[in-house]
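Trainee: Residue-level listing of the chains:
2 protein chains.
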Amino acid sequence: MGDVRDFDGQCCRDHRQFDFLFYALARLDKLEQRSAVMTKISIVIFDKFTDVDLFLMWDLLNRVRIADWKVLILGEKDAHVSATGISVNTHGQIEETNDANAVLFVSGQGTRERIADENWLKKFSLNPEKQFIGSICSGALILAKLGLLQNKLATTYPTSKTLLESFGVEVVEKPFIANGNVATAGGCLASQKLCGWVIENLAGKYWSDLILKSIQPVGEGLYFDDEEEIKRLYVAPTTKAIAN
Amino acid sequence: MGDVRDFDGQCCRDHRQFDFLFYALARLDKLEQRSAVMTKISIVIFDKFTDVDLFLMWDLLNRVRIADWKVLILGEKDAHVSATGISVNTHGQIEETNDANAVLFVSGQGTRERIADENWLKKFSLNPEKQFIGSICSGALILAKLGLLQNKLATTYPTSKTLLESFGVEVVEKPFIANGNVATAGGCLASQKLCGWVIENLAGKYWSDLILKSIQPVGEGLYFDDEEEIKRLYVAPTTKAIAN
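Taken in order, these protein sequences are the chains called X and E.
According to our numbering, the first sequence is numbered sequentially starting from 1.
According to our numbering, the second sequence is numbered sequentially starting from 1.
If you're looking for bench data, these hints aren't it; they were derived computationally from the structure.
A hint or two may mislead.
Which copy? The list can't say, so a pair holds if one copy fits it or any two copies do.
[Stated by the list, open to error] Cut-off 25 Å, straight-line C-alpha distance, at most; resulting in silico cross-link-like pairs (SDA-like, lysine to any residue): (1) Lys231 with Ser125; (2) Lys40 with Gly85; (3) Lys213 with Thr162; (4) Lys70 with Gly168; (5) Lys145 with Asp68; (6) Lys145 with Leu210; (7) Lys123 with Lys145; (8) Lys40 with Asn89; (9) Lys70 with His91; (10) Lys77 with Phe167; (11) Lys152 with Leu210; (12) Lys123 with Asp225; (13) Lys40 with Phe167; (14) Lys205 with Asn151; (15) Lys130 with Thr162.
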């Protein structure tokens with residue numbers, strides 16, 4: 001332990017008391033890590049995804065200020081390129097969805113290729129009993145191919161309605177439909193409802209209400225008087241979710 | 001010209017007729033290029049920008065299907081990192097804003113550093129007589145520092161209101177305010193109004209209406225019956241804007 005000194009700057013006569021201290025601190029650290037169960041939210045992307053569908057979800061989900069709240073962009077490559085050419089680095093592989101608390105699928109032209117790629121689909125082993133699973137727009141096609149929409153009502157983007165119906169799904173003209181832990185949203189801005197559902201279930205209504213308010217137009221859902229409340233979204237995360 | 005053959009596959013006795021043909025085609029090509037005046041839309045980013053403020057604008061503006069419509073993300077670095085850690089490559093330097101038809105400023109924690117950086121501010125030489133200039137949320141602080149909001153009404157994000165007022169700007173609780181060619185929007189989702197304003201002015205009302213409709217929630221502004229119209233956003237660009 002070399003030149004370890006005590007608080008008075010005096011060299012310790014006996015380093016064993018420090019050895020014990022470090023040992024105790026290391027044990028406490030491990031205990032703390034175990035008690036802080038991470039809430040893991042994953043967003044699945046692929047090439048030719050729709051930019052706003054990823055980034056509206058990503059931005060909203062990242063506004064939750066809880067220390068154990070983690071949002072990850074997952075894909076089968078180190079980076080995926082959106083329909084408009086934006087390259088986005090992924091944080092991990094698709095297989096990481098399998099132990100996430102929430103798994104959200106983006107949409108875009110690329111979904112047509114994904115639902116035809118059995119090797120890609122095989123990487124998912126999702127469990128709607130334990131995980132919150134959702135999609136925006138044509139992401140519903142992936143949920144259907146994964147067998148998550150059987151005998152369920154769902155929504156999607158207008159240009160994907162017929163194809164989704166061909167998978168035996170009853171498609172309803174609504175922005176958001178949740179069946180237990182599986183939800184679909186249709187129309188880019190409906191990802192607010194999808195994210196609100198995930199946040200409310202995993203972090204509490206306080207956060208979903210505040211976060212959804214924080215992106216509304218000024219004078220139309222967000223007001224100058226909200227300043228102090230909004231500032232809570234910019235402070236360091238707290239270790240516990242504020243109760244509903 | 002080597003082995004040039006005519007339509008019957010016969011080797012030409014006299015290559016001069018082909019030389020003339022190629023010369024004429026090259027001239028026509030140049031003429032066509034000159035007549036297709038590019039509409040250049042630039043979005044200015046910087047480190048610690050708010051993700052949704054860039055990507056909602058980027059996505060909407062890229063939905064315009066006109067061949068001469070170009071959207072560029074500009075910054076002072078090859079890539080900028082958002083407030084949540086997303087790295088986005090830029091398409092060019094800030095100075096490129098000076099000949100753009102529209103210049104839009106994003107917002108985020110990073111605006112505070114930008115408005116204190118005189119070297120960065122000096123790179124802009126914008127002309128509100130010839131360019132459409134706008135901002136979302138705290139981007140209004142940059143417009144103010146560039147002298148574009150003097151004696152004008154403006155809007156911004158609740159947490160930036162006091163600072164914007166300290167620059168002598170009268171801040172109004174509205175989602176969108178346009179003064180001639182200079183506009184401010186407040187609250188992330190108000191970038192719909194900002195982009196709609198740019199698109200209507202530079203591409204026509206047909207495109208702004210269709211594009212804004214295309215991102216609404218299903219059943220709340222976007223309907224399954226809109227499928228055929230929405231498909232126009234996924235075809236190859238046309239060479240001319242559809243008239244209002």
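Trainee: None of the hints should be skipped; say for each whether it holds.
Mentor: Against the structure, the hints:
1. For a Cα distance limit of 25 Å, the shortest separation of Lys231 from Ser125 qualifies neither inside one copy, at 39 Å, nor across copies, at 33 Å.
2. Taking the shortest Cα distances, Lys40 and Gly85 sit within 25 Å of each other only across copies (17 Å), while inside one copy they are farther apart (28 Å).
3. Within a single copy, Lys213 and Thr162 get their C-alpha atoms only as close as 34 Å, which misses the 25 Å cut-off; across copies the closest is 20 Å, which meets it.
4. In this homomeric assembly, Lys70 and Gly168 never come within 25 Å of each other (Cα to Cα): the closest approach is 34 Å inside a single copy and 41 Å across copies.
5. With identical chains, the CA atoms of Lys145 and Asp68 are never at most 25 Å apart, being 32 Å at best within one copy and 39 Å at best between copies.
6. For the identical chains of this complex, Lys145 and Leu210 are neighbours neither inside a copy (34 Å) nor across copies (30 Å), given an alpha-carbon limit of 25 Å.
7. Taking CA atoms no more than 25 Å apart as the test, Lys123 paired with Lys145 passes inside one copy only; the shortest distance there is 13 Å, against 51 Å between copies.
8. For the homomeric pair Lys40 and Asn89, the shortest alpha-carbon distance inside one copy (18 Å) is at most 25 Å, but the shortest distance between copies (27 Å) is not.
9. With identical chains, the CA atoms of Lys70 and His91 are at most 25 Å apart within one copy only, with a shortest distance of 11 Å there and 30 Å across copies.
10. Taking the shortest alpha-carbon separations for Lys77 and Phe167, neither the intra-copy value of 28 Å nor the inter-copy value of 46 Å comes in at or below 25 Å.
11. For a Cα distance limit of 25 Å, the shortest separation of Lys152 from Leu210 qualifies neither inside one copy, at 30 Å, nor across copies, at 31 Å.
12. For a Cα distance limit of 25 Å, the shortest separation of Lys123 from Asp225 qualifies neither inside one copy, at 47 Å, nor across copies, at 35 Å.
13. Taking the closest pair of Cα atoms, Lys40 and Phe167 never come within 25 Å of each other, the shortest separation being 30 Å inside a single copy and 42 Å across copies.
14. In this assembly of identical chains, the alpha carbons of Lys205 and Asn151 never lie at most 25 Å apart, being 29 Å within a copy and 42 Å across copies at closest.
15. Taking the closest pair of Cα atoms, Lys130 and Thr162 never come within 25 Å of each other, the shortest separation being 30 Å inside a single copy and 46 Å across copies.
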